[in-house]
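Quick note, the sequences are listed as chains A and B, same order. Per this note's numbering, the first sequence starts with residue 7, numbered consecutively. Per this note's numbering, the second sequence starts with residue 1365, numbered consecutively.
Check before you lean on any hint, since a few could be wrong.
[Said to hold, decoys possible] Cβ pair distances, simulated, as ranges: (1) K1488/B x E31/A: 36 to 42 angstroms; (2) F1400/B x K30/A: 46 to 52 angstroms; (3) D1427/B x Q26/A: 32 to 38 angstroms; (4) E1493/B x K30/A: 36 to 42 angstroms; (5) E1428/B x N57/A: 18 to 24 angstroms; (6) Y1467/B x E39/A: 41 to 47 angstroms.
In short, the hints are calculated from the structure, not lab data. Each residue gets a CB set at the ideal place from its N, CA and C atoms; glycine is no exception.
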Amino acid sequence: MIKVNCFAHLKELAGGNMIQIDRKEMSVKELLEEVQRQYHIQSDSVLVAINEEYALPDDQVTEHDTVALIPPVSGG
Amino acid sequence: MFEVTSEPLSIEAVSQKVIRPEAGAVVTFTGTVREFTKGKRTLYLTYEAYASMAEKQLKRIGDEITTRWPDAVTAISHRTGKLEISDIAVVIAVSTPHRKDAYEANEYAIERIKQIVPIWKKEKWEDGEEWIGDQLESNAGVPEKEEIR
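Isolated chain B, as found in the complex (with noise of 0.2 angstroms):
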């Protein structure tokens, strides 16, 4: 249900392994890489992940999401290596009898990656590049000491 993974990602392959007969809603986000940011033209994008514990952290986001949404079911699949521009990161995958639940989940889910989930990109721009997340972007995820533990 979690996994991290160089292989391209599937839409569908995910969405499937959330939905069953309770379900009455399936809420699927799908992070893509984006050309421009901030009028900054990106080339491509390198994931880097230290995969055991990413993986690790992304079947925490789900336990979370459990006890949070009881009747939630989260699978999530991230990407890693060399993604082109509109390649697909991360699918997110939760299902919920309905579907303000699934929705809520689902946003829930993103927001932690981003916090806790050690994964990194590095953008390829015309003009250099860099590892998204140090002290110079302000979208840095440093978990605070209640968001680890």
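Chain A with its partners taken away, still in its complex shape (with noise of 0.2 angstroms):
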């Protein structure tokens, strides 16, 4: 079971901090597929992070890793 944390709208449109996907390793590539099939989150400008370092879309997240939606940024 791969973890999802997710913030800002994400995290209203998941109901929740975290969403879980049923699968133990996927890449990131397929993890943004998946989160959009099964909860319509539109996921062409979200990046995803893996143990909070910026993750590439052919880089595999395990079930082990730390892993969060990150929608557009905007701090400051």
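If you follow the hints, you should be able to join the two separate chains into one complex; please do so.
Pasting the structure below:
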């Protein structure tokens, strides 16, 4: 089970701080497709962080990683 | 030197972190909550952060500044939670031997914060609320591949 932390408007779309995907390992690209399919979250501009670092589409994410969806940021 | 906190920010405290004998210039930038944006009135803002990652990314900005301006020392504090009009959301202090580098490095820091630091703000208006940074806003920060690695 891959647990994915959600922030900002994604948290509201997902209905909570965290969503779960029933896989042990997948690519970032697959993860975003799954998120879009299950939660109807438009993931075009959403990045994925693995263990608090930005990940690229081909990176692998496993159930042991800390995973987060990062919508466009707006700090400052 | 790099923190995300729900406590009110002190300009003095952040700039004190970078003051040192080698520095002849300290530039501080203070980002405050603006009441009117394009004629629309903001009542208050709520900032949310992925705090542990945000602090790492702030430190990374400090490292980038040291690469570009080797004599610079940077400290950044960003606040989260509910902020009223004119409250301070971010303080960036950069010290360098000479002022030009400090000005440049400080501007670089705020531009990078808006690109790569996982902090979001929700605007509460008189007639609604919205997370800033979604597709409806042109200033959304989506880091490019070369910006995140």
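Cross-check of the supplied hints:
Range check, K1488/B to E31/A: about 40 angstroms between beta-carbon atoms, so the 36 to 42 angstroms window is met. For F1400/B and K30/A, the Cβ-Cβ distance of about 50 angstroms falls inside the hinted range of 46 to 52 angstroms, so the restraint holds. Checked against the hint of 32 to 38 angstroms, the C-beta distance between D1427/B and Q26/A comes to roughly 34 angstroms, which is consistent with it. At about 38 angstroms, the CB distance of E1493/B to K30/A agrees with the hint of 36 to 42 angstroms.
Distance hint for E1428/B and N57/A: a CB-CB separation of about 20 angstroms, consistent with the stated range 18 to 24 angstroms. Range check, Y1467/B to E39/A: Cβ separation about 44 angstroms, and the 41 to 47 angstroms hint holds.
Going through the hint list in order, the structure satisfies each hint without exception.
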